[in-house]
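Make a model of the complete structure from these sequences and hints.
Residue-level listing of the chains:
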Amino acid sequence: MTIKTYREAIRDALAQEMARDESVVLIGEDLRGGHGGNAPEEAKVEAFGGVLGVTKGLWTQFGSARVIDTPITESAIIGMAAGAAVTGLRPVAELMFMDFFGVSHDALYNQAAKFRYMFGGKAKAPLVVRGMIGAGFSAAAQHSQSPYNIFATTPGLKVVVPSSPYDAKGLLIQSIRDDDPVVFCEHKMLYDMKGEVPDESYTLPLGQANYTREGEDVTIIALSAMVHKANQVADKLLKEGISVEVVDPRTVSPLDEEGILESVASTGRVVIVDESAARFGFAHDVAALIASQAFHFLKAPVALITPPHTPVPFSPALEKLWIPDVDRIEAAVRQLMEA
Amino acid sequence: MELNTQQLLKAYRKMREIREFEERLHTENTSGDIPGFIHLYTGEEAIAVGVCENLQQTDYIGSTHRGHGHCIAKGCDIHAMMAEIFGKDAGLCRGKGGSMHIADLSKGMLGANAIVGGAPPLVIGAALTAKTRNNGGVAVSFTGDGGSNQGLVFEAINMAVVLQLPAIFVFENNGYGEATGHNYAVGGRDIAGRAAGFGLPAVTVDGTDFFAVYEATAEAVKRAREGGGPSVIEAKAFRWHGHFEGDPGLYRGEGEIERLRADHDPLKIFASKTAGTLTREALEAIDAEVKAQVDDAVIKARAAGYPVAESLLTDVYVSY
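One line per chain: the protein sequences are A and B, in this order. Our numbering numbers the first residue of the first sequence as 1 and each following residue consecutively. Our numbering numbers the first residue of the second sequence as 340 and each following residue consecutively.
Watch out, some of these pointers could steer you wrong.
[To be verified] Reference listing, derived: stretches of chain B covered by chain A, where coverage requires no fewer than 3 residues with Cβ under 8 Å from a Cβ of chain A:
hint: 1; region: 439-450
hint: 2; region: 454-460
[Stated by the list, open to error] The calculated label-pair distances, taken between Cβ atoms and stated as ranges, are:
hint: 3; chain 1: B; residue 1: Glu565; chain 2: A; residue 2: Glu22; range: 51 to 61 Å
hint: 4; chain 1: A; residue 1: Thr2; chain 2: B; residue 2: Ala524; range: 38 to 48 Å
hint: 5; chain 1: A; residue 1: Pro71; chain 2: B; residue 2: Ala524; range: 23 to 33 Å
hint: 6; chain 1: A; residue 1: Ala47; chain 2: B; residue 2: Ser445; range: 36 to 46 Å
hint: 7; chain 1: A; residue 1: Ala47; chain 2: B; residue 2: Gln395; range: 33 to 43 Å
I should point out that these hints are in silico values taken from the structure, not numbers from a laboratory. In this text, all values refer to a predicted model and were calculated from it rather than measured experimentally. Here a beta-carbon is modelled for each residue, glycine too, at the ideal position from N, C-alpha and C.
Structural data, given as structure tokens:
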């Protein structure tokens with residue numbers, strides 16, 4: 001095991017899959033960065049390596065035919081990736097900030113997600129769309145959203161939301177090898193997070209939850225950056241004798257319903273922590289699952305912790321209030337224990 | 340370039356297949372047995388066939404919601420197409436696609452596409468595959484004059500220029516985007532001229548003339564296969580039927596359709612241009628064969644079974 005950041009784990013996955021399979025190509029804005037421009041060629045090599053440096057080094061390793069810098073044109077990027085996927089490549093398209101999906105959504109929502117069904121099972125679109133989600137950077141309303149709930153409403157799309165470097169690498173390799181279109185959501189606040197990551201290639205199945213803490217009293221269901229806050233609460237309360245189980249579904253679609261319901265059945269108390277929208281979000285979908293399948297196990301109403309139903313504010317003072325925090329999670333757990 | 344007799348007969352047969360298929364659908368649709376929307380291609384046969392006769396089975400095309408003609412020209416099975424349009428399990432997409440989504444990837448047909456301007460972004464992906472694999476393949480998108488006003492179409496063209504992709508963007512200017520005339524809706528009116536601004540060869544041809552379309556496409560295909568990058572072809576033609584079946588066509592001029600049928604029939608134009616080479620008997624023999632083929636397709640499609648309930652839940656994901 002080596003200690004790597006979430007960013008390095010993702011780069012590892014991309015490099016290893018590109019080396020393994022020639023049909024894997026990367027498509028996006030400034031994946032290298034430095035094409036065109038007036039600086040001498042040697043100075044601007046991999047000027048960016050992706051806007052947050054995730055793809056740095058890949059252009060040097062694989063060249064322009066496989067690390068494809070595009071104009072700033074998300075619609076054409078995702079459309080091209082969809083067309084390339086259905087004709088035999090395995091493109092990994094980068095949407096930079098997931099917030100930008102709006103202008104390019106047709107290619108996912110109406111095209112790639114539907115090819116297989118609409119064409120009677122005779123097509124597949126093995127495409128991965130990578131992008132950043134998450135608040136916490138004061139990046140304001142158009143660069144801080146977590147719209148994985150929107151992708152998950154489209155049948156045919158798989159939606160992956162890794163919370164750790166280990167998960168990021170294994171889930172990304174699986175996503176690239178998967179024959180379905182996958183939206184891979186990387187939390188921007190996790191890029192520098194470190195963890196143990198094997199150097200060799202490995203996969204983690206999509207649709208399988210991970211119990212990051214095991215416990216008996218309360219289940220917290222959380223995704224991505226929220227998992228760490230939930231773990232923090234679990235660790236703290238354990239000292240007081242409150243035993244909290246933390247379930248990280250890791251993929252929003254397909255959802256490990258069984259894995260979630262099993263934990264709910266054993267604890268009977270549930271807190272769901274979610275950074276997607278406060279209405280029609282992941283939390284509400286899981287709450288509905290529990291209400292319809294596990295109501296008889298519940299000892300108290302399900303607690304939902306989400307941001308308010310507002311755009312993400314810019315000011316750090318407001319943004320801090322907007323993001324579900326440890327105190328709110330802890331308070332919810334305590335309240336359930338008293339109920 | 341000279342086409343031999345066999346090639347000419349094949350081109351005529353394809354155009355006749357499209358004509359017969361579409362006119363037969365026009366009739367069959369009145370029975371109420373065809374679900375959903377039908378958009379007919381009659382009057383534009385020379386474009387689909389003029390383009391696709393330059394392509395190999397391994398080349399790709401992306402189509403429009405008016406896609407039957409493109410499917411036939413690219414070699415899709417007429418029986419399976421008809422069954423698909425009737426919503427039957429024997430259909431090309433097992434009854435899950437219908438008229439607006441007919442696809443056959445084994446024939447390089449990436450699908451009719453119910454999103455206006457949907458094909459160009461997908462087709463640059465198919466062109467990227469061809470370029471990445473260096474297999475000499477090309478990919479062609481069909482888009483209407485209506486689609487030419489979608490911004491994404493021009494994002495795709497720009498991308499094709501930047502990456503020098505073997506892509507050809509065919510604009511079928513049939514004069515109407517739904518019920519709105521292109522004279523009103525296309526700013527500047529000149530689609531090829533607009534596209535040329537992106538820095539690629541763009542020509543306008545008579546889309547009722549098979550030979551004009553064929554030659555322009557041949558040049559674009561040659562350029563693309565040789566690594567010379569993308570091209571645009573605007574083909575001007577006419578749509579003989581409504582936007583969809585059932586459209587009363589209140590936006591049409593008086594006698595407009597009758598004049599089109601008399602003066603701008605791509606099949607008649609083809610027959611007259613090939614009169615020295617192809618005999619009337621030969622063409623009439625094709626007409627009769629195609630009619631029998633389409634009759635048979637309708638009979639079989641009507642008799643075919645609907646998909647079973649279990650298939651409702653299949654083909655969402657490749658794997659769970």
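Hints versus structure:
1. 439-450: holds (count 7)
2. 454-460: holds (count 4)
3. Glu565(B) to Glu22(A): 51 to 61 Å: For glutamate 565(B) and glutamate 22(A) the Cβ distance comes to about 23 Å; the hint is violated.
4. Thr2(A) to Ala524(B): 38 to 48 Å: The hint (38 to 48 Å, Cβ to Cβ) is violated, given that threonine 2(A) and alanine 524(B) are roughly 59 Å apart.
5. Pro71(A) to Ala524(B): 23 to 33 Å: holds, 26 Å
6. Ala47(A) to Ser445(B): 36 to 46 Å: holds, 43 Å
7. Ala47(A) to Gln395(B): 33 to 43 Å: Holds: the Cβ-Cβ distance is about 40 Å, inside 33 to 43 Å.
Comparing the model with each earlier hint shows violations of hints 3, 4; every other hint is respected.
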